[in-house]
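Residue numbers (UniProt numbering), protein chains in the order written: chain A, 1 to 345; chain B, 1 to 345; chain C, 1 to 345; chain D, 1 to 345.
Honestly, the hints are just simulated from the structure, not real lab data. Predicted model only: the values in this text are computed from it and were never measured. Be aware that one or more of the hints could be misleading.
Same chains, same label: a pair holds when it works inside one copy or across any pair of copies.
Below, in silico cross-link-like pairs of lysine to aspartate or glutamate (DMTMM-like), each with a Cα-Cα straight-line distance of 20 Å or less [stated by the list, open to error]:
| hint | residue 1 | residue 2 |
| --- | --- | --- |
| 1 | Lys297 | Glu112 |
| 2 | Lys328 | Glu100 |
| 3 | Lys322 | Glu188 |
| 4 | Lys245 | Asp199 |
| 5 | Lys19 | Asp170 |
Protein chains: 4
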Amino acid sequence: MTVRFGLLGAGRIGKVHAKAITGNPDARLVAVSDAMADAASSLAGQYGAEVRGTEAIIGASDIDAVVICTPTDTHADLIEAAARAGKAIFCEKPIDLDVERVKACLKVVDAEGATLMVGFNRRFDPHFEAVKAVVDRGEIGAVEMVTIVSRDPGAPPPDYVRRSGGIFRDMTIHDFDIARWLLGEEIETVSAQASVLVDPAIGEAGDYDSASVMLATASGKHATISNSRRATYGYDQRIEVHGSKGAVSAENQRPVSIEVANAAGYTRPPLHDFFMTRYTEAYAREISRFIDCVNSKSAATPSGLDGLIALALAEAAVRSVKEGRAVKVSEVTGPLGDRGVFQGR
Amino acid sequence: MTVRFGLLGAGRIGKVHAKAITGNPDARLVAVSDAMADAASSLAGQYGAEVRGTEAIIGASDIDAVVICTPTDTHADLIEAAARAGKAIFCEKPIDLDVERVKACLKVVDAEGATLMVGFNRRFDPHFEAVKAVVDRGEIGAVEMVTIVSRDPGAPPPDYVRRSGGIFRDMTIHDFDIARWLLGEEIETVSAQASVLVDPAIGEAGDYDSASVMLATASGKHATISNSRRATYGYDQRIEVHGSKGAVSAENQRPVSIEVANAAGYTRPPLHDFFMTRYTEAYAREISRFIDCVNSKSAATPSGLDGLIALALAEAAVRSVKEGRAVKVSEVTGPLGDRGVFQGR
Amino acid sequence: MTVRFGLLGAGRIGKVHAKAITGNPDARLVAVSDAMADAASSLAGQYGAEVRGTEAIIGASDIDAVVICTPTDTHADLIEAAARAGKAIFCEKPIDLDVERVKACLKVVDAEGATLMVGFNRRFDPHFEAVKAVVDRGEIGAVEMVTIVSRDPGAPPPDYVRRSGGIFRDMTIHDFDIARWLLGEEIETVSAQASVLVDPAIGEAGDYDSASVMLATASGKHATISNSRRATYGYDQRIEVHGSKGAVSAENQRPVSIEVANAAGYTRPPLHDFFMTRYTEAYAREISRFIDCVNSKSAATPSGLDGLIALALAEAAVRSVKEGRAVKVSEVTGPLGDRGVFQGR
Amino acid sequence: MTVRFGLLGAGRIGKVHAKAITGNPDARLVAVSDAMADAASSLAGQYGAEVRGTEAIIGASDIDAVVICTPTDTHADLIEAAARAGKAIFCEKPIDLDVERVKACLKVVDAEGATLMVGFNRRFDPHFEAVKAVVDRGEIGAVEMVTIVSRDPGAPPPDYVRRSGGIFRDMTIHDFDIARWLLGEEIETVSAQASVLVDPAIGEAGDYDSASVMLATASGKHATISNSRRATYGYDQRIEVHGSKGAVSAENQRPVSIEVANAAGYTRPPLHDFFMTRYTEAYAREISRFIDCVNSKSAATPSGLDGLIALALAEAAVRSVKEGRAVKVSEVTGPLGDRGVFQGR
């Protein structure tokens, strides 16, 4: 069945989702809203959709699902409104910068029985999915250590940094989710260190641009994450899982894979320049999976709980840097109840 | 301007082009024809196009361009009819299995001033295009030697072999075109050897399944081609250009680039399983380029002449195997006149 | 000038050094001692050297330099005796498991003006040296993050674990030295986590077999280290340095670099099986450098201070795991005086 | 048993063998001869050997084996003299530039029952040996196509070209031997094309600097060889064997395997600069194998017949270029008798 979409937010990531929706044979983009009227009409026009107000979209009878790409501080309210209106919801991460607000929001979603998927797009990258499949088939035995290197090609403007909740909630949050997903066990403690090496303005905005994180599970599995807001060679996205019987890794991706050899050596081109080109296929598969969930009325993953836990890991990392100690995730989340057991997949 | 397409032939390669056309924002698939009514209606239905007869499509006023994906022995006639009807023409290779028939066909195209592009899809592969760009920018100096390895994952049925004109006209023809394109100079002599190593039925059908070819230009540049109808590891497509200042190569492509390490070593997955997945992007870019040519009324490449010369190289290879000698291309083509100078690009 | 060597200790690492010494045109192996008479005579016989007692070697007038490969708890005493006897000293790491004992030993070395090199062999690996040269030439700009993955193919016997001082003092100590060397700035804090995933007997012996470490310098540079006592795919030794202008890495090494392709994919053989084959060339170059230092009477690096600091980093890691906090290196070393500034290369 | 060597010829390749002999625990270099007295005494002095005349070495009772590294036109006479003197013989390729002279020489060797090994060093490269082992274990099924790319970093002086017998007898001869070795079946026909692209002086000397060769066996197996006297990126030495069940290849080798990433891309260093560094290990293993043959009195390979056939392939290639046709190897060799069956291993 064709799923009829309303898109809330026509900015950078909104455009990415508009493309994925309109390229999917089982989806139709009905309407777009944005606080900036021009942005909404431009995007709507490109894909033959209507411009409507956000409330109108949420209340519309000809729309089955909303995709929330608005500023972070509106996410939780919009999720609640859409859940109450009976819409299926795809929301960009994070749900909110505040753990308690997220918990409250998820209670509404739960109460309404709404379908909610959170936008951890990397789980849908075909290379990362293939890594996960190798792990799940037991080919590398019991997972022991996950290693993630994740570097952005350039630093965001300090203004963005202020609104984003900082590097851990904005950038590392993707790596936290991937680490949990690959470890297959909940993370118990977070240790982090962070500094400003790229742009002093980021430090002045109260954030960091370079970070290292160690994660540990109750059974002693490890993950390490290495983040930088700088990578002259492109968007650096590597994962590796080491287990009792072997290891599996995903290589970096580049737009063209050629090699030039001369007296200076053998040179391959730089990597993709950022997430829009690196994860094109992941975004398309993510929407496709969401559509499957909507049509089959099955639970969507990454779920709201996945979003909550990744945010809690970010919060724990912030505390760890400030206090110079390993922080328990339960210090941040409090007791999670029955749904707190690991549900990644 | 949107180009309105008629698709002649709804078989394997017709489906590939239908997908490329309908995925292009500047194209519209108006009608599909096929000798098998079911094939036509199924493909037309999938993309919201009409089913029409071949002649009706060629004569239609609401169609700007035809894509010819019918059996090879119909190509030349259809090209001539479409040229006379004022249609822009995209034709799958080869134009015909007979060099003289191709020459006659191209005279009609010339006389009508028709736009004709021949389907050497590999020129539009982004990796191969990047190789060509490195060569054209002079980064490797003067081209000296082109090395092509091109192996199909499996042998075609003997029945196909009989209709196809044999390995040189069906399979190597792509490599001949790439060799010319990368050498940047016309090929003067062809030496080939061929044998049956994969499937005796191919030998019984009068063809070969394993072939090696050497090409030389007047100035002494070389190309070597290695072909097999068998490759257990997937669709093997490698090119390398060696020049006075360096070399450039395009690696093989695989659907996912992960690596599993264990006591048996480090293993990456097999390559793409065949051309439909390996050259998906090339087919899309090919149609896009064709649309640009139609809209700008500029000469299309690969041109009819490119198709003619690649066929002549195949014919020369056949003779070389039979006679155990280096065959001059001019023995096959006869004098080509002014247009016989190199026009690749 | 030929340097005349006495070798103290004819065990596994003693044999490695005997081979490096006798393969060097500027060295001669005069005598070998070992608590096990058979081991000494076997090794001495193989290379045409004499068997002598340890004290006799240290006091001999026909010996210029000693190589200390005895059990760790004898290192400091032997270094002091050799220093007082005017011998140049090459000592396997660590100098002692106790930081205060090392400091006392180094005072004697200093007072005697003895040449002392500590066996951090990896600094002499040609691939790692090439990485360091790229960093030193400024090709990647200012160093920001060092990433080290270092995994042993198999776990040592629990008995060894007890004597070795544990994973951080025995195994990670090499990575601590490489991290300092590549960061080019002293490490200020150490955060570590460790667990037992490979062999419960290691846990029963009071040690860990899986460890992750984060290091930070005063200016905010990072290093991460990932260690395991298990790697089914061979001796895994990777380093990467990320800087403001780029990054440089050293790949893993394997005995033969071939690739087999079939329906299961593309497979390269496993890595070297352990340090004896992986670092053969490094051991030869290490002794060669030591000989140069002896002949030129220049200060040797890695120095005794390098050995002390690496040990202090290990001690800090142990505390960090136990106390769940970032540990300052100065908590372990106390004030180091003028020589405490960074002197690595 | 220690084999006592006499070395005839102290030039470039003589030095390579002197190093291999003196580095082997089962060999002793007793004496060196050279037409240039200085060259002989310098090399002898370096390794503690005596200088003697060539005849004196061949007749000496304290010498078991000779290594012939003199100019090519002396090889056959020296082999015959050494065979008659009861010496084991290692001779650099080629035995002679004339096929009939080689046949006559091998008759003497046969009659005397002498041990003769011909210096096709590449068979002893550990990477190529690993390729051969994969083939011999049947891992890739029946061999179908061998692909060799072999490029020298720079062209030899025209003077050398004149004496060497030309590119096919001097350079390609190694590739002919490797092709035979890997095909596992005698070559029946040779097709070659060659040109002058690198240095006109080579053309004036009557030779070529760029060559392509196709080989075919009676059962239809193929090999292709691509040669150039120019490669700005180092000594390019690649082999690949394609079979019915898969393929196996050996990668190029470089002195250090690091990678630098920056805005220009990912760069690995150039390859080894020539055969002395690329094949260091092969030369050592070659002499080791020769010593084994001498000690076990077993037949040595590569044998004199292997040397003869590789030379015949070169001669056939020369004719193929001149006559523009596929040349049968039997046209060059005439009937080879019982020993003409394939004996490669």
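Evaluation of the provided hints:
no.: 1; hint: Lys297 to Glu112; verdict: within (13 Å within a copy, 59 Å between copies)
no.: 2; hint: Lys328 to Glu100; verdict: within (17 Å within a copy, 34 Å between copies)
no.: 3; hint: Lys322 to Glu188; verdict: both (18 Å within a copy, 16 Å between copies)
no.: 4; hint: Lys245 to Asp199; verdict: between (42 Å within a copy, 14 Å between copies)
no.: 5; hint: Lys19 to Asp170; verdict: neither (23 Å within a copy, 37 Å between copies)
Checked against the numbered hints above, the structure violates only hint 5.
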